[in-house]
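Q: So you can see what is in the structure, the chains are spelled out below.
Number of protein chains: 2
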Amino acid sequence: MEFINKIVEKSKKADSLVCIGLDTDPLKIPVHLRQSGNAVLEFNKSIITATKDLVCAYKPNAAFYEAMGSIGIEILEKTCRFIDNNIPIILDIKRGDIGNTAVQYAYAAYEIFGVDAVTVNPYMGFDAIKPFLRDGKGVFVLCLTSNPSAGDFQLLDTGGQLLYERVAHAAVEWAKEGEIGLVIGATRPETMQKIRDIVEDMPILVPGIGAQGGSIMDVITNCGGKPGRTIINSSRSILYASHEKDYAEAARSSLEKLRLDINKNRSVE
Amino acid sequence: MEFINKIVEKSKKADSLVCIGLDTDPLKIPVHLRQSGNAVLEFNKSIITATKDLVCAYKPNAAFYEAMGSIGIEILEKTCRFIDNNIPIILDIKRGDIGNTAVQYAYAAYEIFGVDAVTVNPYMGFDAIKPFLRDGKGVFVLCLTSNPSAGDFQLLDTGGQLLYERVAHAAVEWAKEGEIGLVIGATRPETMQKIRDIVEDMPILVPGIGAQGGSIMDVITNCGGKPGRTIINSSRSILYASHEKDYAEAARSSLEKLRLDINKNRSVE
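Chains as they are written, first to last, in the working numbering: chain D, 6 to 274; chain H, 6 to 274.
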C-alpha cells in the first residue's frame, strides 16, 4: 500500500488532520511514572491508547530517545511496534548524508523501527534523500522550518526563487521517483499558499502549532484541509496537558479540542 | 581544554592529519569475527589499538550504529569510551533541528557518548546549531559536501555568493559564540582555497579522500597542512584494507601510507 493511501485512509476515518509528536522527555512526564524503569514507554503507550482513534499519524522524534542512550532506542522501537498497523508513523529524524550512510539511516528507520515515513534534510541534495525512497514509504523533506533562524538560509534569494521555493520545486521532481512530502512550519503562513501552489496535492507536514505559536486558521486557509495532504503536528500541548495521573485523559481532551478547532476551520474553507 | 587545542596537540604528536572514520559495517568486517555477538565492538577496538598513535582523531558515523538498533548504540557508546582521553572524537551525526530538539541531540553526543565534537547541518540556521556549542566542544558545520548531488543547492548563487560561501561566512560569525569548524568534501578542491580564505584558521574536516576519489595533493595545496586545522578523514580504505585475520595490521599499513602521502605533500607546501 502506498504511504499516501494509508495516511488518507486514517485521516478520513479519524476525521482528523492531527499528528501527535511523540517527543517524550523523561523530565516532563508525570512524577508518579518516573519511578518505573520503563516510564517513557509506559507514558507513550498510555498516550497512544488514549488518542489513537483521533489522530491521522504519530511522529516520534528520534532525538528524545537518543538522549536516553541504548535504552531509549529500545523504547523507541517498542513504541513504534505498539502502534496499530493502520496508523502511519512518521519518524522525525531530519537526516541527510551521502548515499552509503543514508542507506544505513533508512535501514534503521524502516527495518529496526518499522516506520512508514521519515523526515529528511535537503542540504546535501537528492542522492542523500534517494535511499529513503522505498515502496510504501513517505519521505518528508524540510522546506521552510518553524524556528526563528530558518531565514538564515531558507529565505535567501537564489536568482528569482527563494531557497525554500527551490526545494519545493526539487521535491516535485523527486516525487517522480517515490513518495515525497514537505515540512513547512506553521509559523510562516504567508508562504504556505505559494508552496501549496508549487507542490499541488503533495502531503505537507506542519509543525509549529501551539507551543511555537502558529495559527490554525492560517494553516487551513493556506495549506488546505484535505485528509493526508495537510498533517498538523502537535507535541507538547498534548503530551504534557496534565502532569497528574489523568495525563492520558488530559492528552485526549487537548487533542480533541485541537481536532475540532481544525475541523471548524476546514468546514468554512 | 578547548577542542582546538586537543586536536592540534594530538595531530602534532602523531605528526598526522588523518582522522579515521569508524563507519563500521557488520557485513564488511572479517568473516572470522562475525560469529561473536560483539563483533563490531571487537573490530573497532582492534582498529583503534592498531592505529591510535598515528591519527589526529576518530570519527564514528552514527548511522552505522543506529542500523544495528539498541545494541548498536551500546557498541557506539563502548567504542567512544574505549578511545584514550587525549584523542579527539568527532561524532558524525549531521543533525539539525529546532532548539528544544537540538538540545536532546547535543545531550546524546556529549553526555551519552562523551565525544569532543559533532557534525551538524546548517539548513535550519543558527538556532539549530547553537545548542551544540559548549565549552571544550567543536561543531563542524556542513559547508560543501563530497557527494554528487551537493550542487543541487550548495552551489546556488544567492546574490553574489554561492550558498556554501554564505555558510562559510555565517560560520565565521557563529565562531564568536563557540568553536566552529567546517566540513568540505575533498572532491571539490577548486573551492577549498576560497573557503580557506573566508574562514582563515578554522578547523576544516575533509571527507572524500580514497573511496570517493578526492586527491591529497589538491587538499593540502588548497586547504593547507596545519595540524588541527586540516583534518583528513578516511574510512573504508583503512577499515577494510584486509578481510582476513590481519585486518588490524592492514588497517595500520593503509593508514601509515596515507599519513606519509599527506606529509610528503605538507613538506613541499
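Simulated from the structure, these hints should not be mistaken for lab results.
Keep in mind that a hint or two might mislead.
Stated by the list, open to error - Simulated crosslink set (SDA-like; lysine to any residue; CA at most 20 Å straight-line):
| hint | chain 1 | residue 1 | chain 2 | residue 2 |
| --- | --- | --- | --- | --- |
| 1 | D | LYS142 | H | ALA72 |
| 2 | H | LYS142 | D | LYS135 |
| 3 | H | LYS83 | D | ALA72 |
| 4 | D | LYS33 | H | GLY104 |
| 5 | H | LYS135 | D | LYS50 |
| 6 | H | LYS83 | D | LEU265 |
| 7 | H | LYS269 | H | GLY230 |
| 8 | D | LYS135 | H | SER154 |
| 9 | D | LYS83 | H | GLY74 |
| 10 | H | LYS181 | D | SER154 |
| 11 | D | LYS18 | D | ASP266 |
| 12 | D | LYS17 | D | ASN91 |
| 13 | D | LYS135 | H | LYS83 |
| 14 | D | LYS135 | H | PRO194 |
| 15 | H | LYS135 | D | SER220 |
| 16 | H | LYS181 | H | ARG139 |
| 17 | H | LYS269 | H | ALA19 |
| 18 | H | LYS83 | D | LYS50 |
| 19 | H | LYS33 | D | LYS33 |
| 20 | D | LYS83 | H | GLU79 |
| 21 | D | LYS83 | H | ALA72 |
| 22 | D | LYS83 | H | ILE76 |
| 23 | H | LYS83 | D | GLU79 |
| 24 | D | LYS135 | H | LYS181 |
| 25 | H | LYS135 | D | LYS83 |
| 26 | D | LYS33 | H | GLY230 |
| 27 | D | LYS231 | D | LEU265 |
| 28 | H | LYS33 | D | ASN105 |
| 29 | D | LYS33 | H | ASN105 |
| 30 | D | LYS33 | H | LYS269 |
| 31 | H | LYS135 | D | GLU79 |
| 32 | H | LYS33 | D | VAL36 |
| 33 | D | LYS18 | D | ASP58 |
| 34 | D | LYS199 | D | GLU182 |
| 35 | D | LYS181 | H | SER154 |
| 36 | D | LYS17 | D | PRO31 |
Note that the structure is predicted; figures quoted are calculated from it, not measured.
Q: Hints first: check each against the structure and report whether it holds.
A: Cross-check of the supplied hints:
{"no.": "1", "hint": "D:LYS142 / H:ALA72", "verdict": "17 Å, holds"}
{"no.": "2", "hint": "H:LYS142 / D:LYS135", "verdict": "32 Å, violated"}
{"no.": "3", "hint": "H:LYS83 / D:ALA72", "verdict": "16 Å, holds"}
{"no.": "4", "hint": "D:LYS33 / H:GLY104", "verdict": "17 Å, holds"}
{"no.": "5", "hint": "H:LYS135 / D:LYS50", "verdict": "33 Å, violated"}
{"no.": "6", "hint": "H:LYS83 / D:LEU265", "verdict": "48 Å, violated"}
{"no.": "7", "hint": "H:LYS269 / H:GLY230", "verdict": "10 Å, holds"}
{"no.": "8", "hint": "D:LYS135 / H:SER154", "verdict": "11 Å, holds"}
{"no.": "9", "hint": "D:LYS83 / H:GLY74", "verdict": "11 Å, holds"}
{"no.": "10", "hint": "H:LYS181 / D:SER154", "verdict": "17 Å, holds"}
{"no.": "11", "hint": "D:LYS18 / D:ASP266", "verdict": "17 Å, holds"}
{"no.": "12", "hint": "D:LYS17 / D:ASN91", "verdict": "12 Å, holds"}
{"no.": "13", "hint": "D:LYS135 / H:LYS83", "verdict": "31 Å, violated"}
{"no.": "14", "hint": "D:LYS135 / H:PRO194", "verdict": "26 Å, violated"}
{"no.": "15", "hint": "H:LYS135 / D:SER220", "verdict": "27 Å, violated"}
{"no.": "16", "hint": "H:LYS181 / H:ARG139", "verdict": "12 Å, holds"}
{"no.": "17", "hint": "H:LYS269 / H:ALA19", "verdict": "15 Å, holds"}
{"no.": "18", "hint": "H:LYS83 / D:LYS50", "verdict": "30 Å, violated"}
{"no.": "19", "hint": "H:LYS33 / D:LYS33", "verdict": "41 Å, violated"}
{"no.": "20", "hint": "D:LYS83 / H:GLU79", "verdict": "17 Å, holds"}
{"no.": "21", "hint": "D:LYS83 / H:ALA72", "verdict": "16 Å, holds"}
{"no.": "22", "hint": "D:LYS83 / H:ILE76", "verdict": "14 Å, holds"}
{"no.": "23", "hint": "H:LYS83 / D:GLU79", "verdict": "17 Å, holds"}
{"no.": "24", "hint": "D:LYS135 / H:LYS181", "verdict": "36 Å, violated"}
{"no.": "25", "hint": "H:LYS135 / D:LYS83", "verdict": "31 Å, violated"}
{"no.": "26", "hint": "D:LYS33 / H:GLY230", "verdict": "48 Å, violated"}
{"no.": "27", "hint": "D:LYS231 / D:LEU265", "verdict": "15 Å, holds"}
{"no.": "28", "hint": "H:LYS33 / D:ASN105", "verdict": "13 Å, holds"}
{"no.": "29", "hint": "D:LYS33 / H:ASN105", "verdict": "13 Å, holds"}
{"no.": "30", "hint": "D:LYS33 / H:LYS269", "verdict": "55 Å, violated"}
{"no.": "31", "hint": "H:LYS135 / D:GLU79", "verdict": "28 Å, violated"}
{"no.": "32", "hint": "H:LYS33 / D:VAL36", "verdict": "46 Å, violated"}
{"no.": "33", "hint": "D:LYS18 / D:ASP58", "verdict": "8 Å, holds"}
{"no.": "34", "hint": "D:LYS199 / D:GLU182", "verdict": "23 Å, violated"}
{"no.": "35", "hint": "D:LYS181 / H:SER154", "verdict": "17 Å, holds"}
{"no.": "36", "hint": "D:LYS17 / D:PRO31", "verdict": "33 Å, violated"}
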